[in-house]
Amino acid sequence: MLESKQLAAQRGAATLFSGVDFKLTPGDALVVTGANGSGKTTLLRIAAGLSHAAQGTLSWRGVAVAPLDLVLRAAVLYIGHAAALKDDLTAEENLASLASLHAGKAVSEALRDALALWLLDRQRALPARALSMGQRRRVGLARLSLVPRPLWILDEPAAALDAAGVAMLCDMLGTHLAQGGMAIVATHQDIALSGPTVRGLSLS
Amino acid sequence: MLESKQLAAQRGAATLFSGVDFKLTPGDALVVTGANGSGKTTLLRIAAGLSHAAQGTLSWRGVAVAPLDLVLRAAVLYIGHAAALKDDLTAEENLASLASLHAGKAVSEALRDALALWLLDRQRALPARALSMGQRRRVGLARLSLVPRPLWILDEPAAALDAAGVAMLCDMLGTHLAQGGMAIVATHQDIALSGPTVRGLSLS
Amino acid sequence: MSLAEFFAMGGYGYYVWGAYAACALAIAAEIIAVRARIVAARRDAGDGGPAR
Amino acid sequence: MNWFRFASPASFFPLAGRLTPWFSAAAAMFAAAGLYLGLFAAPTDAQQGDAYRIIFVHVATAWMSMLIYLVMAFWCAVSLMFNARLAAMMAQALAPTGALFTALALVTGALWGKPTWGTYWAWDARMTSELILLFLYFGYMALRHAIDEPRRADRASALLALVGAVNVPIIYFSVKWWNTLHQGASVSLTSAPTMAAVMLTGMLLMALAAWCYAIAIALTRVRAIILERERHAGWAGEAVLAKAAQ
Amino acid sequence: MTATAAPVGRPAAPGAWHGAGWAVRRDARIALRSKAELGVQLLFYAIVVTLVPLGVGPDPALLRALGPGVLWVAALLASLLALPRLFAMDFADGTLEQMALSPYPLPALISGKIAAHWLATGLPLVVASPLLGLQFGLGADELLVLALGLLLGTPTLSLLGAVGAALTLGLRNGALLALLVLPLYVPVLIFGAGAVGAARTGLGAAAELSLLAAALLAALVGAPFAAAAAVRIAVD
Amino acid sequence: MTATAAPVGRPAAPGAWHGAGWAVRRDARIALRSKAELGVQLLFYAIVVTLVPLGVGPDPALLRALGPGVLWVAALLASLLALPRLFAMDFADGTLEQMALSPYPLPALISGKIAAHWLATGLPLVVASPLLGLQFGLGADELLVLALGLLLGTPTLSLLGAVGAALTLGLRNGALLALLVLPLYVPVLIFGAGAVGAARTGLGAAAELSLLAAALLAALVGAPFAAAAAVRIAVD
Ligand code: HEM
Ligand SMILES: Nc1ncnc2c1ncn2[C@@H]1O[C@H](COP(=O)(O)OP(=O)(O)OP(=O)(O)O)[C@@H](O)[C@H]1O
Ligand SMILES: Nc1ncnc2c1ncn2[C@@H]1O[C@H](COP(=O)(O)OP(=O)(O)OP(=O)(O)O)[C@@H](O)[C@H]1O
Ligand SMILES: [Mg+2]
Ligand SMILES: [Mg+2]
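If you read the sequences in order, they're chains Z, L, Y, S, W and B. For the first sequence, this note's numbering begins at 36 and goes up steadily by one. For the second sequence, this note's numbering begins at 36 and goes up steadily by one. For the third sequence, this note's numbering begins at 70 and goes up steadily by one. For the fourth sequence, this note's numbering begins at 16 and goes up steadily by one. For the fifth sequence, this note's numbering begins at 76 and goes up steadily by one. For the sixth sequence, this note's numbering begins at 76 and goes up steadily by one.
Derived by calculation from the structure, the hints in this document are not laboratory data. Since this is a predicted model, take the numbers as computed values, not measurements. Glycine residues also receive a C-beta, built at the ideal position from the N, C-alpha and C atoms. Accuracy of the hints is not assured; some may be wrong.
As the list claims (entries may be wrong) - Using 20 Å as the maximum straight-line C-alpha spacing, the simulated SDA-like pairs for lysine to any residue come out as follows: (1) L/Lys140 / B/His93; (2) L/Lys140 / L/Leu124; (3) S/Lys191 / S/Trp132; (4) Z/Lys140 / W/Ala175; (5) Z/Lys140 / W/Pro178; (6) W/Lys110 / S/Met156; (7) S/Lys191 / B/Leu278; (8) L/Lys140 / B/Ala103; (9) W/Lys110 / Z/Asp123; (10) S/Lys129 / Y/Ala90; (11) S/Lys129 / Y/Gly115; (12) W/Lys110 / Z/Glu128; (13) W/Lys110 / S/Ile162; (14) Z/Lys140 / W/Ala91; (15) Z/Lys58 / Z/Glu38; (16) S/Lys129 / W/Pro135; (17) W/Lys110 / Y/Ala102; (18) W/Lys110 / B/Ala103; (19) L/Lys140 / B/Ala91; (20) W/Lys110 / Z/Asp122; (21) W/Lys110 / S/Trp132; (22) Z/Lys140 / W/Ala103; (23) W/Lys110 / Y/Arg106; (24) Z/Lys58 / Z/Ser86; (25) L/Lys40 / L/Leu236; (26) S/Lys191 / S/Ala137; (27) Z/Lys140 / W/Trp92.
What the hints assert, rightly or not - Selected chain L positions facing chain Z (Cβ under 7 Å, derived; list incomplete): (28) Glu38; (29) Ala70; (30) Gly72; (31) His116; (32) Ser167; (33) Met168; (34) Gly169; (35) Gln170; (36) Ala194.
Unchecked claim - Derived DEER-like restraints, expressed as beta-carbon distance ranges: (37) S/Pro184 / B/Leu194: 28 to 34 Å; (38) S/Ala92 / Y/Gly79: 44 to 50 Å; (39) Z/His87 / B/Gly114: 25 to 31 Å; (40) L/Ala151 / B/Gly114: 35 to 41 Å.
Bound conformation, chain Z alone (with noise of 0.2 Å):
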């Protein structure tokens, strides 16, 4: 469903990769990897249509689409380095405000039970200033299972996670690749996503 041709990224005078291609189809996932500075955040973004690539296509169920295509919005859920969490505002109205914007109004059962997921239950009404590093990226995780989207693109998902974390994360994605959706995962630490559609990209 999304195909890239011959993606290539260059910023300052440096290209950081060229000659990408790779294919997802439902049920697949692509894991990249690559040292510090490698492009792997500068890919993912290039994938969920937020930058320009240098070189090369991006296609969308065989039609190409340009950064920021509808289409593509509508397919996309990209979850980045930056947690897009307002201070002020309290763990359960972020993660409120966050999933409307993608997915309209989101049910307060639905996001309790997000919440819950997350084991962030008694971190409800806490503003988000006051929670812990990985209870942040959880809150923002937690948008996983309230934005129906076909692609997941994740930069990082892993980073601040405590160990059960981890496995929560690997458990949402296996039961989305299962379901027919498609994955994009950044990561250093080694994730336990295997199975015979997990491809591995390395930036060198």
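Guided by the hints, dock chains L, Y, S, W and B with the ligands onto chain Z, whose structure is given.
Chains L, Y, S, W and B with the ligands only, in chain Z's frame:
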């Protein structure tokens, strides 16, 4: 040298931890683990003298120290979640500025060596806003070799680092301990730091 | 002095009684607000306190 | 007797409860006497007619507005120096009453100004500094309100109150200077008639009433604050239950 | 049939109004976290107004001449003080890229943000302006014109400010462009203050008010798109 | 011997001057990189000052009477506009906690930051003021007193403002900062505007200027410590 007695921390109505005792003598490391939100960051900030403990005392070389005590400030290097980088300054300027805040004017060769050690030679003149996540962290960690301090307090230093970066970090920690330094490290990842003098502290 | 004269305050009744009324009202409002606050605090402490 | 015992909120709570009725009663008595003197006993003024009777509330509120700020700053200093929670709570409890008296001084002054000066508001030195004092009170309360963590709010607002207290005399002096520079708002407050003994007594009684009232209301409010903040400390619930059992 | 008008497979963009509503709710909730915040905003205006007699002296005639200008400057200041919150923080914490990625039209989301900015900074002044104008001794009809002018003008300040703020986010020369946007404030301020002056002299303020309305319309149409374009460049 | 004066085992605090110098260098360098915000502040000042003649009409006597007050009120507000930037970003990115942890005395570091802030925001106003004063028809000696007054007064504004900025760290509100700070600015405004007024009437401004200098001295001594205490509270 650093000793805590019955430390407790409170946030809002919740007691995060209580009765935390530890003692670090030269060559010792304390690896703090625990689930997200269990209070690792809080404990490290208390140990660094940034936050007040709800209860308990902290002493350095047998003398009780209050938060922000000069004795402690002269002995501790604290690197937390926030990197203290200025987006508009280059990697080198950032490092020079941060290092000289704690250890007087930095020699420019030493700066280059430190950057090279963390594989940032080519990013030296890049403004920090252009750096990748891991590169930002590397700039922060490059202080380790520029600011001579007996006690390192590192909050998730391995976050965002690639495998080579984590190895480098372990290396530096090992050398520091071998030279009679001390360290308190909070981490979710297993970092290969072992030896008779490495103790674990698990917050629940 | 008649009652009417007293209330007229030599033609300055509006200002004089206005000033006194403002003080009386403000103080009454403060007393009521503080009463309500301590009643609420009592209730919460009674409910929420681990002493129960 | 160890007075420091009462520096802990837990032991101050019942003491404050016992003191409050006495101060309330004193406030009512002084107010009754003061009002009698002010509204009935004092003769009509030759120049101002009966309008001057506003003085009995105006001066009391104006005095209290400044006095409470000083007391508040004192408690703030104590709370910063000795890290005393109760002192911070006292300051917190005094601020709304101080702001109220300041507002009342402005309102009663304005109501006095209309018949005597022909305008509700003029940029007179005292009125202007009183207005700035009101802003200082509001700043203190707004800062407290904006910080969630009570201990941080204690310390930050205490610092603000101290900075403000250092500035109050400077502001007062500068505003006075400004006023003379601009030849004043055509009228000066000091032109008030030399006071008859009965007037003076009435004013003093009203001021005493305001004192006692301020103490009583602040003690009550501080008890509410203690309960709100120590709700999880165990003794608070006990205190409430003990009270209910009486 | 309208359904075939959209190319096959292209989802229709969800409602612009919903998007704007989302942004208004979110930002207004942050700005007005507690009721006290509204009070603080009003006090802010009261203090700014109090400073003027302390600077220029208490002469009522002078103050009356200055009054409208002072209130307009207060509006400008409040608007500028809140501008960093408009985009810079959303940019830093990743909200802006999430907005760009959402299926709602970006100009709609941005319009919502601007509306919230105005609700938090402009509207309180409009509401308080008759009271504040009294401190300057303005008459009833002047007060009315003042409030009307502020009602028409302050949204324009928010809209123009938003363009400037968005430009500074991402463009290499954004700072310069933003400085070019600022002078656009001047005509708004002149017409706004001029309207009250016209009312005072009995000339009638219809001309100035219609100019303010025209400026508002132009800004309403143009600014959200300009700001959205700048935001898209910033998140690239 | 001086060495024994320090208790055994307690390191002597390294030089306060070095600390201040560190902060000045760092902040000045950052300010020079992103010049936009400096422009905004100066432009605001210019707009406010230009607006008044447009609002009150061209009567030279009136303008001359208003000039000092308007210029000073504008300077106050412009200073306020720049305050949120003094600490907020350093607080958000962790610089402030590193400063609190450094062996340099925190008040010295803070003084350095305030100095850099004044250089970037106060000094341009001082330099621009004679030019803007001309718009009000001020004479040469008045312009001199105006510039001198601003030279003595704007650092005081920065110092007092720093306390307010540190106290409101992490709190959303720009209006709250104004509410805390503007009342403290009143004496500076009165003496500053008064000085120019006195120069106009030929009385000589020596008294007002010395009062401004005294206020500056007092603020220099007190404000860095108060601001440092507030920063310590914020990083806790
Ligand atoms: C908003 C308006 C006013 C404010 C804020 C105000 C403020 C004050 C303050 C703060 C004081 C106590 C000062 C001291 O004891 O040194 C005071 C006292 C006094 N005020 Fe006012 N005032 C206002 C209007 C007026 C008016 C209109 C009058 C009458 C013409 C007036 C007459 C007095 C008198 C006679 C005293 C007592 C002076 C003394 O005992 O020293 N005030 N006022
Ligand atoms: N103007 C520029 N000139 C040269 N190089 C640049 C410029 N801007 C960015 N870069 C480089 O582009 C790369 C961006 O990489 P990116 O953020 O995609 O890395 P990443 O693989 O996500 O790294 P990490 O693991 O650290 O998150 C970095 O190496 C950065 O130094
Ligand atoms: N006002 C408050 N009321 C209740 N709980 C609070 C309050 N403020 C902070 N907390 C809690 O205190 C804890 C702070 O934990 P801390 O940041 O030390 O965790 P951590 O162990 O470092 O976690 P992480 O692994 O996610 O970094 C969090 O659980 C947070 O929810
Ligand atoms: Mg990355
Ligand atoms: Mg942590």
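*If any of the earlier hints don't hold here, list their numbers in rising order.*
11, 18, 21 and 28
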